[in-house]
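Participant: Sequences are here, hints too, so could you generate the full structure?
Protein chains: 6
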Amino acid sequence: MAIIGAPMDMVVNRPGARFWPRAIRQAGYVGSPNDYLYHIGLDVYPTQVLKVVDFGDAMCTPFSLEQSHQAINDKVSEALDAGAVPVVLGGDHSVTLPSATAVVQRYGVGKVGIVHFDAHADTWDSLYGSRISHGSPMRRLIESGVVPGKNFVQVGLRGYAPDRRLFDWMRDQGMRWHTALDIESKGFDVVLEEALVQAQEGPEYLYLSVDIDVLDPAFAPGTGTPKPGGLTTAELLRAVRRVALTGKLVAMDVVEVSPPYDGPAGLAAEAAHRVVLEAISGMASLRSDPQS
Amino acid sequence: MAIIGAPMDMVVNRPGARFWPRAIRQAGYVGSPNDYLYHIGLDVYPTQVLKVVDFGDAMCTPFSLEQSHQAINDKVSEALDAGAVPVVLGGDHSVTLPSATAVVQRYGVGKVGIVHFDAHADTWDSLYGSRISHGSPMRRLIESGVVPGKNFVQVGLRGYAPDRRLFDWMRDQGMRWHTALDIESKGFDVVLEEALVQAQEGPEYLYLSVDIDVLDPAFAPGTGTPKPGGLTTAELLRAVRRVALTGKLVAMDVVEVSPPYDGPAGLAAEAAHRVVLEAISGMASLRSDPQS
Amino acid sequence: MAIIGAPMDMVVNRPGARFWPRAIRQAGYVGSPNDYLYHIGLDVYPTQVLKVVDFGDAMCTPFSLEQSHQAINDKVSEALDAGAVPVVLGGDHSVTLPSATAVVQRYGVGKVGIVHFDAHADTWDSLYGSRISHGSPMRRLIESGVVPGKNFVQVGLRGYAPDRRLFDWMRDQGMRWHTALDIESKGFDVVLEEALVQAQEGPEYLYLSVDIDVLDPAFAPGTGTPKPGGLTTAELLRAVRRVALTGKLVAMDVVEVSPPYDGPAGLAAEAAHRVVLEAISGMASLRSDPQS
Amino acid sequence: MAIIGAPMDMVVNRPGARFWPRAIRQAGYVGSPNDYLYHIGLDVYPTQVLKVVDFGDAMCTPFSLEQSHQAINDKVSEALDAGAVPVVLGGDHSVTLPSATAVVQRYGVGKVGIVHFDAHADTWDSLYGSRISHGSPMRRLIESGVVPGKNFVQVGLRGYAPDRRLFDWMRDQGMRWHTALDIESKGFDVVLEEALVQAQEGPEYLYLSVDIDVLDPAFAPGTGTPKPGGLTTAELLRAVRRVALTGKLVAMDVVEVSPPYDGPAGLAAEAAHRVVLEAISGMASLRSDPQS
Amino acid sequence: MAIIGAPMDMVVNRPGARFWPRAIRQAGYVGSPNDYLYHIGLDVYPTQVLKVVDFGDAMCTPFSLEQSHQAINDKVSEALDAGAVPVVLGGDHSVTLPSATAVVQRYGVGKVGIVHFDAHADTWDSLYGSRISHGSPMRRLIESGVVPGKNFVQVGLRGYAPDRRLFDWMRDQGMRWHTALDIESKGFDVVLEEALVQAQEGPEYLYLSVDIDVLDPAFAPGTGTPKPGGLTTAELLRAVRRVALTGKLVAMDVVEVSPPYDGPAGLAAEAAHRVVLEAISGMASLRSDPQS
Amino acid sequence: MAIIGAPMDMVVNRPGARFWPRAIRQAGYVGSPNDYLYHIGLDVYPTQVLKVVDFGDAMCTPFSLEQSHQAINDKVSEALDAGAVPVVLGGDHSVTLPSATAVVQRYGVGKVGIVHFDAHADTWDSLYGSRISHGSPMRRLIESGVVPGKNFVQVGLRGYAPDRRLFDWMRDQGMRWHTALDIESKGFDVVLEEALVQAQEGPEYLYLSVDIDVLDPAFAPGTGTPKPGGLTTAELLRAVRRVALTGKLVAMDVVEVSPPYDGPAGLAAEAAHRVVLEAISGMASLRSDPQS
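Chains as they are written, first to last, in this note's numbering: chain A, 1 to 292; chain B, 1 to 292; chain C, 1 to 292; chain D, 1 to 292; chain E, 1 to 292; chain F, 1 to 292.
Hints may be right or wrong, so weigh each one.
Restraint ranges, calculated between C-beta atoms of paired labels, are given here [claimed, not checked]:
hint, chain 1, residue 1, chain 2, residue 2, range
1, B, 172, C, 127, 58 to 68 Å
2, C, 204, B, 110, 58 to 68 Å
3, D, 129, B, 125, 51 to 61 Å
4, A, 145, B, 189, 36 to 46 Å
5, D, 129, B, 110, 32 to 42 Å
6, A, 82, E, 131, 50 to 60 Å
7, F, 126, B, 125, 16 to 26 Å
8, E, 110, A, 70, 50 to 60 Å
9, E, 56, D, 59, 45 to 55 Å
10, B, 165, C, 204, 45 to 55 Å
11, B, 81, E, 111, 48 to 58 Å
12, C, 126, A, 74, 44 to 54 Å
It should be emphasised that the hints constitute simulated quantities derived from the structure, not laboratory data.
Beta carbons: idealized from backbone N, C-alpha and C, even for Gly.
Facilitator: If you want it as structure tokens, here you go:
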């Protein structure tokens with residue numbers, strides 16, 4: 001697996017996400033992934049099973065979305081060429097656009113579905129007149145034909161957006177989603193299983209995109225567009241593990257961690273760090289004989 | 001609906017609540033209530049249905065409780081005269097006394113019940129020798145005859161107060177309450193429905209008073225008298241929505257947010273901001289045809 | 001009961017625990033334990049029933065583990081000699097070693113079991129080459145024969161340690177434990193009851209050791225080795241109360257609160273403060289006639 | 001000398017001063033005043049020469065200025081009766097009114113001058129309609145005849161208040177003052193010597209009142225009404241030492257430290273702690289033979 | 001005078017400057033400029049002499065430098081058309097480009113000089129490949145012919161940039177500058193007077209541009225590119241006042257305040273707020289008869 | 001030059017210094033030392049003249065002073081063997097003991113003098129019974145004969161320690177020092193020149209030890225034992241540059257930066273980062289032809 005930093009945040013509300021690739025690499029008192037890590041629940045030493053490499057940062061710039069996106073696409077492609085599973089650490093959510101595009105370029109259009117944990121649908125046509133932003137990556141992926149709408153499953157939408165017309169557009173694309181209110185009424189585990197079934201209807205491979213604001217702000221204060229009423233960290237870690245255990249995960253990103261708002265304990269950075277470890281552990285457990 | 005600031009905090013433990021009317025007006029990255037807000041669960045554009053006006057702050061002073069309370073009473077009365085539903089942003093919890101009094105002056109004694117979410121009962125006879133404080137508003141409302149004790153329902157009481165004698169007094173007044181331990185044993189939704197039934201036994205109208213410390217301090221660190229073991233934000237938002245959906249809500253307050261203790265993410269201010277939006281949305285959904 | 005400070009933190013990741021005895025004595029807006037405290041759920045005035053005394057701090061030094069541990073052992077022994085239930089406020093988790101040793105010295109080897117709430121098992125043989133540290137107290141207690149492995153019950157283990165070999169060692173000692181994943185699958189209350197049954201199989205007395213990092217970092221950001229995915233404060237308070245209600249509690253410690261990482265609201269210090277109060281209340285309710 | 005806490009802040013802009021008596025007692029890594037303190041410049045062990053006693057806090061309440069002021073007056077009088085030099089730790093600046101009044105009641109009207117370091121003159125007739133506040137103590141002392149205007153010397157006034165009319169009133173009372181602009185043009189040491197000469201023209205005794213906001217906010221961020229452009233801590237400590245070395249100091253206060261705004265390092269609390277030590281040291285050096 | 005917000009920060013190191021127009025409007029416990037403000041040193045009531053109007057924010061967007069700059073140019077032009085002296089609150093330093101351009105469009109090429117307080121020269125040809133950024137506004141103004149190099153005077157340059165080649169380019173343009181080392185060796189007041197003389201050689205009007213990082217980070221922690229070793233706030237306020245007293249000031253900006261890094265006391269925001277007041281006061285004092 | 005991290009802080013008041021080697025490597029928005037750095041005052045590109053290498057961290061452990069000190073000694077010796085000038089980033093001040101010892105082992109006893117900027121003399125015989133701590137390194141160096149007392153020059157001592165007896169011991173050793181009061185009375189530049197002359201009386205080589213608490217806490221809040229009344233950053237940078245310009249500097253350390261107390265802007269870390277750059281620049285300017 002290849003850890004890739006994408007330090008850009010041109011297009012967010014509370015900036016600071018650009019600092020996160022650095023923050024996540026420091027989170028976790030156990031240090032960077034090492035051989036002693038053992039996943040209690042999965043009974044696996046993930047980094048003994050999988051080789052995890054720090055691929056460095058994509059060369060993003062605060063002056064040009066296009067240039068930054070190109071750099072991310074290049075870096076992800078390079079990791080894929082090396083046979084790795086890219087793990088992109090945003091940055092803002094616009095990084096999913098070049099990252100997922102690179103993945104589809106390799107695995108084939110229609111072959112890759114996106115499982116997307118987020119408080120927001122990120123399917124706006126434009127924000128402040130710009131069609132490329134942290135509010136639009138999923139729309140651009142659909143409209144450009146990279147990922148068909150029916151291959152999207154979103155979990156955690158809540159609050160006061162998207163609005164009725166945007167939901168209509170999403171429905172027209174065949175997208176599926178599960179709101180926080182669905183989770184409240186059905187329970188998180190039921191929703192999760194539904195989402196996993198939907199995600200695997202069609203695509204051979206899965207791309208996992210985790211916007212840390214899917215967590216309640218109490219669990220992830222350091223993010224650009226906090227929305228009260230989200231998931232607990234325990235729920236998100238369980239979900240990520242389950243996605244990895246499908247055996248179809250070929251790439252992932254974790255985005256929108258903003259250190260300046262994260263407080264002295266770095267809660268969001270710690271949570272994001274564990275999201276990555278949990279995905280690695282799930283993938284590792286498929287390849288290992290846990291009793292050996 | 002008329003948003004009214006009541007920036008006073010003479011009578012709290014950790015001060016700072018005076019800054020909250022300003023903080024809540026800035027919370028929510030979507031900005032102040034605008035036409036694009038859409039409530040996902042209720043399928044309504046609340047601010048297209050209801051007119052929401054910022055009525056400004058009551059002219060509170062740090063030197064005189066009486067003067068501050070009079071200013072709040074005047075401002076709330078003015079909003080009621082304009083036909084609005086006043087939404088008072090405290091300030092400390094003593095603001096409920098002048099605010100609810102103004103509401104009862106308009107709707108009639110005995111006509112208005114109070115649904116009160118709080119970690120504390122706020123029914124002390126006096127604190128440090130003062131009968132007017134953030135610990136006494138509910139007692140003063142009852143003793144002055146403005147709201148009969150039987151028209152009070154409290155949700156979220158926990159910790160080490162009130163004590164046995166105070167509960168005895170409350171019981172004698174016919175007050176009803178639901179503690180955090182009741183919520184643990186019965187589940188929040190059961191308790192909520194019981195409370196809603198009780199609240200509507202008698203009064204024609206409801207006044208909603210939300211002390212942000214009903215939330216666990218993890219969800220609302222910025223408050224004057226934090227008590228571990230409280231509600232999640234998701235639970236509180238659901239409760240507020242349910243109160244609004246009774247169709248009987250004529251006024252509300254949200255109190256005890258203290259920005260200096262709220263951390264860089266402003267968790268309590270964000271939560272309080274959503275409490276107001278959730279109430280507005282609930283009321284709006286009653287007046288709209290969601291499928292139009 | 002005797003409150004004892006143990007301000008040492010030589011052996012942690014993020015230091016600062018040394019400041020906690022001071023922080024906890026200031027937490028709780030109701031001030032230090034006083035006669036007006038009333039436990040709503042247990043219907044008891046705990047400090048009217050039990051005499052709670054501040055025994056001061058053990059004279060710890062940042063230069064010598066041995067010297068600090070001896071000071072803690074002495075102070076706890078002194079409290080026991082006075083007939084008190086010692087409540088040790090760490091400091092790092094290594095304080096459990098001298099504290100529990102003093103308790104066993106008084107009550108007899110094999111007579112005392114340990115109920116241990118923690119994200120970590122603290123059974124490492126050594127850390128950085130040192131056999132005495134915050135990662136090893138439980139191992140040293142077992143190996144020295146002070147507390148047999150079968151008299152340990154641990155609740156809350158999660159994340160990426162201990163590893164398989166360490167679990168094997170623990171199993172060989174007869175230790176019992178309940179992971180966060182057990183809690184997710186069975187529910188907290190089921191796990192808690194199982195743990196309570198196990199804890200009372202054998203020992204006549206119980207020592208309660210609470211590492212504040214058993215809480216999710218959202219509820220206790222101020223700790224040295226935060227692990228996402230932990231308990232809520234409400235769950236921990238319920239558990240502590242249940243342990244106290246067994247009637248077998250003879251000593252306790254609360255450790256690993258680190259004020260510099262706790263944010264302006266002091267969430268972990270507040271939670272730890274309530275842990276102590278909840279234990280006192282549980283013990284008090286056994287000795288009182290709640291209806292008198 | 002008797003250290004007295006006056007934890008009140010009803011009457012400030014950014015509240016929090018009420019927490020300062022607690023904060024100052026914890027500031028200074030050397031702990032509370034102890035026998036090993038040695039003043040490098042004055043060659044004296046101040047606490048070997050002078051007995052320094054913590055007299056505890058005056059019983060202030062957030063509900064009543066009158067009650068709080070009476071408590072401060074009582075506590076200061078008690079210290080004076082015991083033959084001590086009272087050192088009052090505010091609290092807001094209104095505490096100077098009851099404190100200096102108590103001192104004058106003992107030493108005689110006209111016998112006591114006030115040396116006042118502050119960014120503000122605190123001579124407003126009223127604030128928000130109240131004649132007793134943190135903006136008025138010096139005026140009340142003058143108007144009540146307790147301290148004649150000519151016995152006041154103020155150092156550090158700056159910014160946008162008082163205004164021309166208030167300066168006219170001050171001039172009419174015979175008050176003397178030195179603004180930050182005077183300090184810029186003449187140099188601090190020249191201004192300090194002028195102020196010391198003026199302060200000793202008439203009164204036999206001196207009362208020193210230090211509002212921590214006389215410091216630039218960079219040196220004392222934790223205060224209620226910060227004004228850019230103030231003194232450095234080194235300058236203030238030198239000034240306090242010089243006042244103490246007059247041999248006429250009979251009481252002092254240090255006010256307006258607000259911990260919630262003071263940042264993790266507690267800069268203002270540390271500075272205020274040293275202000276007290278510096279005064280003690282100056283007084284001690286007069287009574288000791290430094291070469292013995 | 002017209003206060004204009006320019007909330008953009010695409011092009012900085014530590015983002016957050018976009019929040020500053022909001023922060024400065026809240027800084028200063030005396031509230032927004034009001035009639036009671038009186039400048040002690042200049043003996044003037046500035047807002048009685050000059051009309052100060054809040055012109056609102058230019059409609060900046062995080063997605064487009066060009067669009068944001070156009071909005072700022074329009075807003076400044078609008079203020080100039082109304083006969084006002086525009087006071088632009090950045091935002092990052094790139095705002096000087098559209099703002100000064102608008103001013104020159106009105107007053108004539110060659111007629112306007114720029115007095116520039118900054119730790120940086122902001123004359124880079126490009127940063128990360130972009131010719132429009134917070135590092136280049138002064139170069140673009142010179143190259144576009146809007147302001148000739150000889151009409152620039154810079155004060156406060158320090159640290160490790162610009163480099164030798166850039167200084168050569170600046171010298172070729174006829175620019176003048178004064179480094180922190182010049183200030184150390186000559187004294188601030190000597191340097192200030194030299195700069196004022198140079199600034200008035202040629203241009204009829206002056207534009208004042210204040211990058212808050214000209215202050216030492218102790219006085220202005222909340223900025224994007226802090227450089228240790230800068231001015232004190234008192235020095236900067238004196239300098240601004242002196243510039244205003246030339247009688248030639250027709251516009252100004254204050255830029256690079258970043259609230260997320262500013263700490264709980266908001267030191268940089270407070271300092272910037274006073275910079276604006278000091279300029280207003282200086283201008284007002286020229287138009288008033290201070291003894292009337 | 002070889003940058004070496006020494007992340008230990010067993011022996012301090014407010015811990016956290018262990019995190020500093022990481023913090024300093026991130027400070028400075030210009031990134032790690034790079035070829036574009038140009039020192040304005042010295043007209044030199046320091047990293048083009050000198051090769052600066054990150055040698056990594058010494059393997060310190062929180063459990064053993066001896067083990068940590070041995071690791072530092074080894075790492076510094078390794079750098080010296082490679083012909084480099086070691087730059088040790090503490091860690092607490094005890095790191096000077098192994099670091100300076102390694103330097104003397106290479107250059108010869110009596111050949112190396114120590115220029116020491118600090119608020120404290122660090123010559124205590126023992127602290128809490130330990131002879132090795134952050135309060136004793138200079139004493140151990142003298143008593144072990146590694147550096148004769150007459151080869152020490154200390155600048156910046158202030159406050160309430162050392163005491164008279166300790167000064168007597170220091171005087172007996174032939175040590176020289178300059179207190180903050182000396183600086184106030186003579187001016188910093190006079191004191192600096194005196195210290196430089198003294199430092200070069202005898203030794204052929206100089207070791208520079210900078211405790212960041214020599215700065216006033218306003219300039220360096222993030223430190224373990226803050227003492228109000230210290231140097232400005234500009235003064236310290238000037239002093240470090242002057243030491244480097246003697247041409248005798250063969251090693252240096254910068255110690256006692258504690259990130260948890262440093263606030264969101266990281267003032268102390270930024271200052272310490274520049275201390276290192278300033279020393280490098282001074283050394284580089286001696287080896288370059290600035291006009292070439």
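Participant: Would you say the C-beta atoms of residue 129 of chain D and residue 110 of chain B sit inside 32 to 42 Å of each other?
Facilitator: Given about 36 Å between the Cβ atoms, the range holds.
Participant: I want to verify a distance hint. Is the separation of the beta carbons of residue 126 of chain F and residue 125 of chain B within 16 to 26 Å?
Facilitator: Check failed, 57 Å falls outside 16 to 26 Å.
Participant: Okay, residue 129 of chain D versus residue 125 of chain B on CB: inside 51 to 61 Å?
Facilitator: At 29 Å between Cβs, range violated.
Participant: Between residue 145 of chain A and residue 189 of chain B, does the beta-carbon spacing fit 36 to 46 Å?
Facilitator: For residue 189 of chain B against residue 145 of chain A, whose Cβ atoms are near 44 Å apart, the range 36 to 46 Å holds.
Participant: Could you say whether the range 58 to 68 Å given as a hint is met by the Cβ separation of residue 204 of chain C and residue 110 of chain B?
Facilitator: Distance hint for residue 204 of chain C, residue 110 of chain B holds at roughly 60 Å.
Participant: Evaluate the given range 45 to 55 Å for the C-beta pair formed by residue 165 of chain B and residue 204 of chain C.
Facilitator: With Cβ atoms ~38 Å apart, the hint is violated.
Participant: Given the hint of 58 to 68 Å, is the C-beta distance from residue 172 of chain B to residue 127 of chain C inside that range or not?
Facilitator: Holds - the Cβ-Cβ distance for residue 172 of chain B and residue 127 of chain C, about 59 Å, lies within 58 to 68 Å.
Participant: Okay, residue 126 of chain C versus residue 74 of chain A on CB: inside 44 to 54 Å?
Facilitator: holds (45 Å)
Participant: Is 45 to 55 Å right for how far apart the beta carbons of residue 56 of chain E and residue 59 of chain D are?
Facilitator: For residue 56 of chain E and residue 59 of chain D the Cβ distance comes to about 50 Å; the hint holds.
Participant: Between the beta carbons of residue 81 of chain B and residue 111 of chain E, is the distance compatible with 48 to 58 Å?
Facilitator: Distance hint for residue 81 of chain B, residue 111 of chain E holds at roughly 56 Å.
Participant: If you check the beta carbons of residue 110 of chain E and residue 70 of chain A, does the distance land in 50 to 60 Å?
Facilitator: Violated, since residue 110 of chain E and residue 70 of chain A (Cβ atoms, about 42 Å apart) do not stay within the stated range.
Participant: Between the beta carbons of residue 82 of chain A and residue 131 of chain E, is the distance compatible with 50 to 60 Å?
Facilitator: Given a distance of about 36 Å, which is not inside 50 to 60 Å, the answer is violated.
The structure is inconsistent with the numbered hints 3, 6, 7, 8, 10, although it conforms to all the rest.
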